[in-house]
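2 protein chains.
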Amino acid sequence: MENNKIHTVVISGLGQTSVGEHWDISLRELAFFAIEKALVNNRGGYPQALYLANMLAPALSHQSHLATMVADFSGLRGIEATTIEASGASGGMAFRQGYMAVASGLVDSVIVAGVEKLTEQTSVNVNSAFATNTDSEYEADHGLTPTSQAALLMKRYIYEYDVPDFAFSGFPVVAHANGASNKNAMFQRAIKPESYQRAGFVSEPLNMFDVAPYADGAAAVILTRAELVADLPEIPTVSVSGSSAVIDTLALHDRQNPIVFNAAKESIAKVYAQSGLGHSDIDLFELFDAYSIFGALSLEAAGFSEAGKGWELAQDGRINLDGEIPISTFGGLKARGYPGGATGVYQIVEAATQLMGLAEENQVKGAKNALVQSLGGPASTAVTHILSQIER
Amino acid sequence: MENNKIHTVVISGLGQTSVGEHWDISLRELAFFAIEKALVNNRGGYPQALYLANMLAPALSHQSHLATMVADFSGLRGIEATTIEASGASGGMAFRQGYMAVASGLVDSVIVAGVEKLTEQTSVNVNSAFATNTDSEYEADHGLTPTSQAALLMKRYIYEYDVPDFAFSGFPVVAHANGASNKNAMFQRAIKPESYQRAGFVSEPLNMFDVAPYADGAAAVILTRAELVADLPEIPTVSVSGSSAVIDTLALHDRQNPIVFNAAKESIAKVYAQSGLGHSDIDLFELFDAYSIFGALSLEAAGFSEAGKGWELAQDGRINLDGEIPISTFGGLKARGYPGGATGVYQIVEAATQLMGLAEENQVKGAKNALVQSLGGPASTAVTHILSQIER
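These protein sequence lines are chains Z and C, in that order. Residue numbers for the first sequence follow the working numbering, beginning at 1 and rising by one. Residue numbers for the second sequence follow the working numbering, beginning at 393 and rising by one.
If you're looking for bench data, these hints aren't it; they were derived computationally from the structure. Errors might be hidden in some of the hints.
As the list claims (entries may be wrong) - So the derived label-pair ranges between C-beta atoms look like this:
1) Asp673/C to Tyr138/Z: 46 to 54 Å
2) Gln648/C to Glu29/Z: 54 to 62 Å
3) Glu752/C to His279/Z: 51 to 59 Å
4) Leu228/Z to Ala582/C: 26 to 34 Å
5) Gln256/Z to Asp646/C: 39 to 47 Å
6) Val652/C to Glu29/Z: 51 to 59 Å
7) Tyr46/Z to Tyr551/C: 55 to 63 Å
8) Glu36/Z to Val652/C: 50 to 58 Å
9) Trp23/Z to Gly592/C: 42 to 50 Å
Stated by the list, open to error - Covered, in the sense of this in silico footprint (three residues per stretch, anywhere, with C-beta under 8 Å from a C-beta of chain Z), are these stretches of chain C:
10) 451-463
11) 471-484
12) 574-588
Positions of the beta carbon are idealized from the N, C-alpha and C atoms, including for glycine.
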């Protein structure tokens, strides 16, 4: 009702580090490298605020108050700096805070960054830290981890919809195909369906290829009010045409139907309403494929498939770069890697790169609108954005 | 420059729990109790978002993804929920995010809450967790804690300004006098200057009364766009007339002059500029007295005293409830208690209670404008608000 007062917000700078194991780079340096790149190619205002997404630095690096550290180390003293945490949706949520700050007119320009270092740890440490994103007292304390939770979801999905063996293989196969040409991806090689079929279980029925790898990485985006950015003739300008966040129950056991991602669904309905776009307008979907079951449930939540059929899109090539709804266009969490709270910012950077026509081998031809969704837990938190080319 | 487009944001609901040791109440229950109170007395819209301030639940309670948990447990399913962390300034920063969200027109109404549980821990655990708010690699790893850092600041201040013995005693004496009539305070008893003089050192020259106690507590505020709130004839409406956040270096050793709180100063200059008010318009100042040296430095940063003289205001009765600039009117961090990330929300609740004329024995007569400042670290992050009675 008040949309007429909201400023148009555009993306004026992008930065990312490669995703992988960065044992030689500290947390603050990693964040700085992404921020520096975004500042160097920024064509908007100088940022007045940093919104920093991070999930696990307090637990794994003994560092909280992180946004102030990163802004300070990046030479952005005197601005404001806020750390945002919403589990796996942290990056999307930080982007939403930055969007709202600029949309309000209170600031002209902000930088949204995400950073995470997960690989210099024992797997016990990392899995314990990730388990704090579930309902600790009712889930983690009884042994549940996000991965075993995803296995339960997948088992239930297979049971309810009676899907065939290896039904989910399309998700990692497509992700790895796209990651192969992304020089920032953790895994830059294609895999065959047969590799999926031979893979050992991590938590039955979830096999090794159904699980995105925890990784180190940092990404950054600069957001500016549209009127402050000069158009570049050769590169389209990308605006934020929809933004929303919605929660579900934190614990999976509190849901009536665990294999419907309701928050993801509602969050997408909100961005469609805000942008005036529908799913036929969406040219690519950066979804949150932390597990291949999440890929299926996210496609279903977004209305690209009916319930129980999301996996078919992945089998039929319809999620490929030249398919009807390309997903994970730079490899997704599965092949680009899953650097915790930075992930949502990577998703935004990748979607914006597509709409700017700069995706090279990974380019989705003629992409004008991208749907980007980050999830915290099994869609306990869903944050969704639509990025759009501005018409000229 | 775009202020004409910013919606007026008012406080439509307040809630708090008592501050102290809540061993019988879980983290989620504690947050819920404050939220419930704010919802019960809310005269604005139903909140569409929760901004939750928390510092240490990931480290001390093995719970991240906390805002979603608290919203879920509070029956606020389907809204959006974001956890904000900015060390001791978390509560102020969450309030600023809520303010910006409503000011933008993107949402009508939000709830800002803070929750922290610190007392069910060994002091080693709590001090280690608080130390993650410093620059871990360069400060905490070498043994620095926030308390020993404050002792260094105090020592430097005493040396630079050659202040007399027991110069800081006015801060805890006034805080405890005000806390004595606050039924939510952790310490509801006055102390005498002689008690201060007899107190043992915690970290020389900081004695027991110079240090605010870590505590458990939760507070909540509902913010609504002004036009959606009906005026009540008998209780003044309180608006947010200024909001800002500014960072300094995270580490104390990176500053040219450690005994000037530059970020606090700049943040206050910004809220004065936004509101059109100056320090002669301020009727009370909820400052961040985690240590009595912070009281002196905050008064100096706000312009109520010249550098090196802040402690004199406390000796002369000028910070008392009937003094020229009342501070810590419900006991401040020292006597009300310091419940980590919830603290900034308590400060807002208390300032709003003053401006609504509901402070009873703690009332500052005729209070129209309140300055509220939360600090993360030694003003590494400073978040400042001015709350004002709306003229009718």
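Structure-based check of all given hints:
1. Asp673/C to Tyr138/Z: 46 to 54 Å: Since the Cβ atoms of aspartate 673/C and tyrosine 138/Z sit about 50 Å apart, the hinted range of 46 to 54 Å holds.
2. Gln648/C to Glu29/Z: 54 to 62 Å: violated (24 Å)
3. Glu752/C to His279/Z: 51 to 59 Å: Taking Cβ atoms as reference, glutamate 752/C and histidine 279/Z lie about 56 Å apart, which means the hint holds.
4. Leu228/Z to Ala582/C: 26 to 34 Å: With a Cβ separation near 55 Å, leucine 228/Z and alanine 582/C fall outside 26 to 34 Å, so the hint is violated.
5. Gln256/Z to Asp646/C: 39 to 47 Å: violated (53 Å)
6. Val652/C to Glu29/Z: 51 to 59 Å: For valine 652/C and glutamate 29/Z the Cβ distance comes to about 29 Å; the hint is violated.
7. Tyr46/Z to Tyr551/C: 55 to 63 Å: Violated: the Cβ-Cβ distance is about 38 Å, outside 55 to 63 Å.
8. Glu36/Z to Val652/C: 50 to 58 Å: Violated, at about 29 Å.
9. Trp23/Z to Gly592/C: 42 to 50 Å: At 45 Å between Cβs, range holds.
10. 451-463: holds (count 11)
11. 471-484: Holds, because 9 residues of the segment 471-484 of chain C bring their Cβ atoms closer than 8 Å to Cβ atoms of chain Z.
12. 574-588: violated (count 0)
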